[in-house]
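Trainee: Go ahead and model the full structure; you've got the sequences and the hints to work with.
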Amino acid sequence: MTSLERAARPVAWAEPPAAVRFFEDAWTVAQGELRKLVHDPTELLTRAVQPILWLLVFGQVLAQARAIPTGKLGYMDFLAPGVLAQSALFSAIFFGIAVIWERDLGVLHKYLVSPASRIALVSGKALAGGLRALVQAVVVYLVAALIGVHLQIGVVPIVAAAVVVVLGAAGFATFSLIIACLVRTRERFMGIGQVLTMPLFFASSAIYPIALMPSWLKVVAHINPLTYQVDALRSLMVSGGTATFPIALDFGVLAFALVVLLVIAARLYPRLAM
Amino acid sequence: MRAIIETKELRREFGPVTAVDALSLAVMPGEVFGLLGPNGAGKTTTIKMLITLLPPTSGSATVAGHDVVHQQRLVRRSIGYVSQLLSSDGALSARENLDISGRLYHIPTPERSERMDAALAFMGLADVGDNLVRTYSGGMVRRLEIAQAMLHQPQVLFLDEPTVGLDPTARRAVWEHIRRLRDREGTTILLTTHYMDEAAELCERVGIMHLGKLVALGTPESLAAEIGPGATLDDVFTTYTGGDLDEGGTYRDVARTRRTARRLG
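As they're listed, the protein sequences go chains A and B. When the letters of the first sequence are read in order and numbered with the numbering used here, they come out as residues 48 to 321. When the letters of the second sequence are read in order and numbered with the numbering used here, they come out as residues -4 to 260.
These are computed hints drawn from the structure, not numbers from a lab. For every residue, glycine included, the Cβ atom is placed at its ideal position computed from N, Cα and C.
Chain A stretches covered by chain B per the calculated footprint, using a threshold of three residues with CB under 8 Å from any CB of chain B:
#1 60 to 71
#2 80 to 94
#3 155 to 163
#4 315 to 321
Mentor: Laid out in structure tokens, this is it:
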């Protein structure tokens, strides 16, 4: 074959249909992220410290104080799902830093010139962000079991809780990716990440029931996806825990928020490379 | 013969600044074409428009017969790109980097691993394929990046400053690989550089850009001959760009080049 014939050749293999490509591409991206964690799990391990402190220090002290009325549920049982949701949030919310880092390095450009659709690329990132949080979930479950939280042990509640953790963390990772696309520098991102995390956390039912909140904060809590994540986890993780909302609503809100965030992120993501 | 890269009155503005101004250019299949110019001349902006990362403000361009605005997916399938930054992920091994690329282009499994082995061998990285890329030298990273961009056998390969930050030995090795790649695959290569020796060494034709405009176009020899007897491509460059090679770029460009150079070095 001459070089000119070669230059004119078409793509030599058949591509799968678009829907299949979406899932394959998203999984390729997610798997790449997960492989990095296997090579260097330091970040995962350091992120596991915070939930342990919340359970062991904050939780134990407040449980002694009996300051927060949590009904029949003991405070530690009330708090454990909140800490799980919080640790998933904290590990996901700084995900955008990695995206900015990839932009500064140039790795991002390689993904964006590939034929993968933008929605598949951001979905893969989101999935990786979601799956990362499962490591936190394992840590929180273990510590909670050690300090005597009444966990629901069973395949169905644990798998359902895992799905909730992944959905919630994927949503917050995507939210973080959107922020990264808007602020574009690591310095600004760090500032904004700090500013966003605490309001999301405090305006949810993670560490106290919504009923205790002033009415303006109740409104915020009701539009905060973290509230629905905590709510679902409370009924799935601990025995005797009851959800405020129907569990289908919790799942629905988390899934809907994730899809909306993914669509926004897919539109903004290419702007990072311009 | 039809051009494999063709731009018509291609233009890109960033606010009040016109980075690329009415660029009309045709690159033929199998050609190694060099886009030269000082920092800020519009070379990278041109490449970014051709590889679908940046929409043009006006004008049009086709790559491998596909429109860069309306047929982005088809363009992306036909091209490979090595940016002037790093495009291989240092936190992954060479093999993992190649695997991600191969899968994003949906190269079927048995063929993908064959191509990965062949690419690693071709680039002299077979023994270190499972090591993390962050342990590689600058020249090895560049070779991996080129291998990665070529895994799906693109018709057109875009190389943005392929040897920036490399020492002379590593530069020679990268040149050698680019030449062998072109001879073996017949790939059309568009590269940008501000090293005149690199352009004279590698490129069959060069275009010189200055302040967003194409100011000269031809073979390195013909352009030099136009200037006068004994002239080099350096003289051509100085004539057309007023010698402001070192004028260059914004603070951000400089910071970025230095950072890349440090990482590769």
